[in-house]
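*Asks:* Residue-level listing of the chains:
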Amino acid sequence: MTVDSTIVTYLENLARIRLTDTEREKCTDDLQRIISYFDELDAVDTEDVLPLSHAFEQVNITRLDEVLPSFPTEAILQNAPRQKDNCFLVQRTVE
Amino acid sequence: MNITELTALELAQQLHTKRLSIAQVLDAYYAAIAEKNEELQAYISVCGKELTYARAAEIQARLDVGEIRSPLAGVPIAVKDVICTAGIPTTCGSRTLEHFLPPYNATIVERILAADMILLGKTNCDEFAMGSTTETSYFGITKNPRDTSRVPGGSSGGSAAAVAGNLAPIALGTDTGGSIRQPAAYCGIAGLKPTYGAVSRYGLIAYASSLDQAGPMGKNAADCAALFGIICGPDERDSTSAKGYRYEPPLQGAMPLRGTRIGIPQEFLSEALQPEIKQTIDSLTQKLQAEGAAIVSVSLPQLAYAVPTYYIMACAECCSNLSRYDGIKYGHSADAESLRETYIRSRSEGFGLECKRRVMLGNFVLSSGYFDAYYMKALKVRRLIQNAYLKAFESCDVILGPVAPTTAPRIGESLDDPLAMYLSDIYTVTVNLAGLPGLSLPIGKDSNGLPIGLQLIGKPYEDAFLLALGEALPSC
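Residue numbers (this note's numbering), protein chains in the order written: chain B, 1 to 95; chain D, 1 to 476.
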């Protein structure tokens with residue numbers, strides 16, 4: 001697997017991150033070495049092995065369907081960079 | 001008596017028998033922090049004296065009438081800054097959360113407060129717990145109190161340095177791939193990564209949710225056991241917490257060493273291990289045999305693949321977890337023209353390079369065309385690693401090995417080469433992948449006087465046995 005500038009730009013886009021030129025140079029090299037290291041897993045025989053996403057597999061855990069107190073709106077909004085009328089304020093998303 | 005050199009349980013005994021007051025203890029710790037924190041940078045923030053002494057007075061009033069709510073009532077504690085504390089800054093070592101004030105306490109914080117422990121401050125860590133040296137924090141580099149030219153390990157390096165440097169008697173850390181055990185080993189203290197699900201993750205700011213666990217860090221195994229007893233147990237607010245889990249220590253005076261079968265994976269003692277660490281483990285093994293333990297050779301054939309498996313899993317989970325930092329709800333926010341540009345600039349300005357690298361790696365292993373080759377492959381190897389542990393535990397009760405391949409490296413040695421830093425996690429990451437409990441204990445020093453750690457790995461939910469065994473270990 002070769003990591004080139006096209007892949008790095010693709011990943012920046014997916015991650016909603018924009019690297020500086022210096023960061024991009026370092027990252028391209030680091031990602032190449034790390035992903036080549038990931039490639040070593042190819043050597044492991046995983047034929048017929050089921051994936052394990054959680055150490056102790058669980059089915060859906062539900063709680064009783066009852067109304068419990070929730071946080072006051074002010075407490076949840078206290079860290080919001082921009083707010084209006086007790087809501088998070090965001091830029092226009094539909095033209 | 002030097003108050004700050006006492007273990008947490010010794011301190012509790014002094015407080016509960018009225019030989020010391022909580023105010024005297026706080027005086028000693030605030031003085032130690034004022035003297036040493038600027039150099040060590042163990043704490044990112046220290047709790048204000050006014051509120052802390054007021055709370056101490058309330059607890060003192062209870063102790064004075066004999067109301068002792070827990071074995072550690074009145075004892076101060078430091079908490080890693082990835083654990084939410086209501087109204088007290090919780091930064092995750094990141095510019096992103098520099099001004100974040102959580103609206104609620106993590107369950108484990110509620111539990112330490114209900115146990116009448118006293119929060120001293122929030123400790124430094126690698127940004128969002130991503131790192132093995134506590135050098136990636138936005139708030140500065142924590143130093144190892146045993147040798148300040150060395151790193152304390154990470155990511156719970158601030159908690160380890162606070163306990164080892166006598167700036168706190170005990171601390172909470174978190175461990176996703178070794179972040180409690182490895183700094184404990186580098187700083188010469190004890191630390192437990194509990195069984196996955198033994199401790200609630202509610203209010204623990206997520207890095208990799210299927211691997212993260214919070215746990216105790218203390219001067220010895222007994223202190224860790226006392227704190228673990230306070231924080232563990234099911235929590236309705238964390239659906240992955242283990243239902244019905246209870247801390248049940250073996251009866252006092254029980255001798256867990258005699259007859260215990262201790263497994264040593266042959267792959268753990270390879271040439272990559274610093275010779276002095278191997279010698280120290282060999283010497284301990286002989287003492288254990290002399291005390292009646294049986295040493296059994298076991299095998300973890302996938303050890304060589306543990307680090308890539310872990311980093312694929314952890315990066316995949318972290319890129320999902322860190323997508324919440326969008327500059328809208330909380331955290332660092334850039335004031336840009338469009339919503340998309342707000343996301344990009346807020347994240348690019350808020351995250352450090354290691355964090356960006358892991359988020360991008362996570363996007364890579366989950367992206368179309370690479371998902372099967374990397375992420376699914378890692379999930380399958382994860383099962384093979386867990387199976388290998390379950391097979392090993394058919395012939396032994398506990399597994400013993402090193403915590404890290406070397407003692408603490410010098411500051412600056414690891415940052416330029418992330419892959420080399422990742423490789424140093426080889427002995428700790430399998431424990432998180434398999435969900436097992438792992439205990440790190442100080443067992444000696446190398447020729448530079450740097451602490452050497454030992455790791456005990458237990459069967460799922462046998463945290464109490466592991467801690468009791470840790471208390472019974474002979475010294476080297």
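Hint data in this document are derived by calculation from the structure and do not stem from the laboratory. Treat the hints with caution; some may be incorrect.
To be verified - Pairs of lysine to aspartate or glutamate, DMTMM-like flavour, derived with a Cα cap of 20 Å:
(1) LYS391(D) to ASP372(D)
(2) LYS329(D) to GLU57(B)
(3) LYS459(D) to ASP446(D)
(4) LYS329(D) to ASP85(B)
(5) LYS329(D) to GLU354(D)
(6) LYS243(D) to ASP65(B)
(7) LYS459(D) to GLU57(B)
(8) LYS26(B) to GLU413(D)
(9) LYS391(D) to GLU57(B)
*Asks:* Mind listing which of the numbered hints don't hold for this structure, in increasing order?
*Replies:* 1, 2, 3, 5
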